[in-house]
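S.K.: With the hints as constraints, model all of the structure from the sequences given.
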Amino acid sequence: MNPSRRKSVLHGEELEALVGDLLDFADEEAGQIQREDKAGRVFATKPGKPDIDDMIADRLRTALRAEVVPADQTGGSESIIESDIRREVLKKALIGLRLQRLQEIARELYLKLGGGIEEVAVRIAQSLKWDPDEIALLVMDTSTEPSVDRSHETRLFPLIDAPNLDYVEDRLQYVQDRYVRVGLARWFVFNSAVRKDDLLTIRGTIRAYQPQILEIETGPTVRPVPAPIHDISIELAEDSALALVRRGNISQSRDALAAIDIAANVSSLGYVPLSSSGVSGHAIAFESSSLFMLDLLLTRFRRNGLHDVNLTIARFKVGEEEAVGEASGETRPIVRAVRFEGRHILDSPAACKLIAEESRALVDVAMHVRLFDHSEAGPYPLHISLERDHVRVLTGFGASEIGRSLSAHRLAVTAVAEEVIEGFADPLALTSVASEIVDRARETSEPEEASILRHHQEA
Amino acid sequence: VTVRIEKHIRSAATKHSLRYWVDKHCPLDGYFRRIDRLYETFTNPEDPPEDTEPDHEGIALVLARMLDKGKLLFAYIDGNEQRVSEDEWLLACEAAAWIILERHDQAIERGKWPPK
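Taken in order, these protein sequences are the chains called A and B.
Counting in the numbering used here, the first sequence runs from 1 upward without gaps.
Counting in the numbering used here, the second sequence runs from 460 upward without gaps.
Be a bit skeptical, because a hint or two may be false.
Calculated Cβ distances over 12 Å to all of chain B for the following chain A residues [claimed, not checked]:
| no. | residue |
| --- | --- |
| 1 | G12 |
| 2 | Q32 |
| 3 | A162 |
| 4 | Y179 |
| 5 | Q210 |
| 6 | G219 |
| 7 | I250 |
| 8 | V272 |
| 9 | S288 |
| 10 | N310 |
| 11 | V363 |
| 12 | S407 |
| 13 | A429 |
| 14 | A441 |
FRET-style restraints, in silico, Cβ to Cβ [claimed, not checked]:
| no. | chain 1 | residue 1 | chain 2 | residue 2 | range |
| --- | --- | --- | --- | --- | --- |
| 15 | A | E14 | B | E545 | 22 to 32 Å |
| 16 | B | H484 | A | S83 | 31 to 41 Å |
| 17 | A | D53 | B | R463 | 21 to 31 Å |
Derived by calculation from the structure, the hints in this document are not laboratory data.
This one's a predicted model, so the numbers in the text were calculated from it and none came from an experiment.
Glycine included, each C-beta is placed from N, C-alpha and C at the ideal position.
M.R.: Dropping the structure here:
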């Protein structure tokens with residue numbers, strides 16, 4: 001029974017024995033203390049006492065494990081014991097929320113806030129009794145950004161012209177079940193094109209290969225290694241100069257669009273058309289992508305049924321993103337982007353300074369939104385990013401069923417599509433909020449209460 | 460070595476008036492003797508003097524278990540309140556344990572422990 005202050009390695013089973021010894025000691029001494037009590041207080045066992053045996057044992061085990069490096073025996077075939085994996089994975093899931101958020105949760109749960117991120121995560125996991133479902137709900141509920149594997153994703157590419165769907169459909173029939181090369185060792189296979197009224201949905205597959213150099217009997221040789229097959233869909237609408245690409249990362253989406261261009265002359269515009277027209281006052285000096293994002297947050301989302309916007313991440317471009325310097329070995333420090341993370345970021349003087357005083361481009365925002373319907377569903381984590389040639393919309397499943405979050409995603413995509421095609425929804429509101437942002441930028445401390453987005457959303 | 464009690468533990472102690480219980484109703488001498496033994500258990504004699512701070516959290520948890528298994532604290536808490544949840548009872552045991560540890564610390568500092 002001697003846990004060292006220096007972190008020494010201790011067999012897991014020895015540690016377990018130590019926990020058992022300490023608990024036995026406590027149990028024996030509890031009775032002894034009562035017998036020694038000179039006051040002779042005697043109490044009957046009360047039936048309502050909660051059973052916390054496992055909770056205390058768990059806490060003690062964790063406290064002791066923090067003092068040593070436990071070396072646990074493998075679970076056969078040199079594998080890690082399943083319970084160790086489960087605990088570590090649950091801890092890791094919580095740690096993904098970052099220390100500041102974990103401390104907020106710990107405060108809400110009346111837990112100790114001190115210590116490193118791992119210690120705080122352990123306390124939260126313990127208070128949730130290491131229940132994977134409870135922890136998953138907590139993570140989904142509080143993630144500042146949706147993760148790609150638990151979200152709906154759509155990339156909206158502005159096109160040079162609205163496509164003539166009859167023509168596109170006809171051209172795509174010609175290449176049905178055929179493939180075209182879209183890049184180095186990359187091909188797009190046309191699987192189907194389904195027309196429903198004014199909507200054409202094209203489905204295809206990206207096939208890509210990587211070279212692998214192998215040593216065989218006759219010497220080295222190059223073999224192709226296939227990358228996982230990736231299904232992708234592109235949606236075109238009559239009279240709409242936008243292509244909606246789903247289930248693809250940035251290069252896969254561009255590849256798919258390039259294939260449609262090759263087969264049916266549907267060309268990407270190559271940029272997102274942004275302007276400052278219609279606004280006045282301070283807003284004129286704001287960067288056009290910042291105005292694009294602000295109009296979405298202030299007006300478009302609300303008009304499309306999304307409300308209670310709480311901005312949790314804002315990323316500003318502060319320099320050109322070219323790779324000059326890296327190739328030449330230059331070591332001059334360069335900041336290309338600044339990212340703010342927290343709650344109601346638009347109310348932060350530092351973020352307002354970048355928008356108003358430095359006219360930086362707000363290119364990436366993540367937020368929590370709710371669906372404005374009878375159920376008040378949500379919140380859903382929503383991420384909008386302005387890429388060179390398209391806008392990406394990512395909506396997390398949140399803690400609700402997938403179908404509900406899909407509704408939120410569709411509304412967000414519609415809002416972004418309208419913004420790209422029609423321009424500002426409410427230039428007057430933009431002009432007004434610009435004045436508030438300028439005023440906030442001059443303040444030296446954080447405001448008591450978030451107001452900028454709220455005022456306009458309520459209005 | 461000073462016992463530092465975290466804010467949430469102090470809040471729980473206040474909520475259940477545990478300082479009053481520790482000072483008036485808890486057989487402190489008995490707990491102090493066990494704490495002395497636990498200090499020995501939780502300190503490695505081979506460690507250098509600057510590295511011998513005991514694991515207060517571990518000691519507090521063993522004390523919390525003693526309080527859970529004894530009947531006095533629950534009778535006090537139960538007498539004051541309707542019904543406590545598992546989490547609340549665990550926190551109450553921990554809070555009382557930390558207060559006892561603090562009192563032990565103070566008694567040593569004031570020369571009142573160990574008894575002469």
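S.K.: Against this structure, judge whether each hint is valid.
M.R.: Comparing the hints with the structure gives:
1. For A:G12, the shortest C-beta to C-beta distance to chain B comes to about 17 Å, beyond the 12 Å cut-off, and the non-interface label holds.
2. Chain B draws A:Q32 into its interface by the beta-carbon criterion, the shortest separation being 8 Å against a cut-off of 12 Å.
3. Listed as outside the interface, A:A162 is consistent with that label: its C-beta sits roughly 60 Å from the nearest C-beta of chain B, beyond the 12 Å cut-off.
4. With a closest Cβ-Cβ approach of about 59 Å to chain B, A:Y179 is found to remain outside the 12 Å limit, as its non-interface label requires.
5. With a minimum CB-CB distance of about 51 Å to chain B, A:Q210 clears the 12 Å threshold, and the non-interface call stands.
6. No beta-carbon of chain B comes within 12 Å of the beta-carbon of A:G219; the shortest separation is about 59 Å.
7. Here A:I250 stays apart from chain B, with its beta-carbon at least about 45 Å from theirs, past the 12 Å limit.
8. Interface exclusion of A:V272 from chain B stands, the closest Cβ pair being 49 Å apart, more than 12 Å.
9. The Cβ of A:S288 lies farther than 12 Å from every Cβ of chain B, with a closest approach of about 48 Å, so its non-interface assignment holds.
10. No Cβ of chain B comes within 12 Å of the Cβ of A:N310; the nearest lies about 26 Å off, and the non-interface call holds.
11. Listed as a non-interface residue, A:V363 keeps its Cβ farther than 12 Å from every Cβ of chain B; the least gap is roughly 40 Å.
12. Interface exclusion of A:S407 from chain B stands, the closest Cβ pair being 36 Å apart, more than 12 Å.
13. Taking the minimum C-beta to C-beta distance to chain B, about 43 Å, the non-interface status of A:A429 holds against the 12 Å cut.
14. The claim that A:A441 lies off the interface holds: its Cβ sits roughly 35 Å from the closest Cβ of chain B, which is beyond the 12 Å cut-off.
15. Checking the proposed 22 to 32 Å range against A:E14 and B:E545 shows it holds: the Cβ atoms sit about 29 Å from each other.
16. As the Cβ distance of B:H484 to A:S83 is approximately 40 Å, the hint placing it in 31 to 41 Å holds.
17. Taking the beta carbon of each, A:D53 and B:R463 are about 27 Å apart, inside 21 to 31 Å as hinted.
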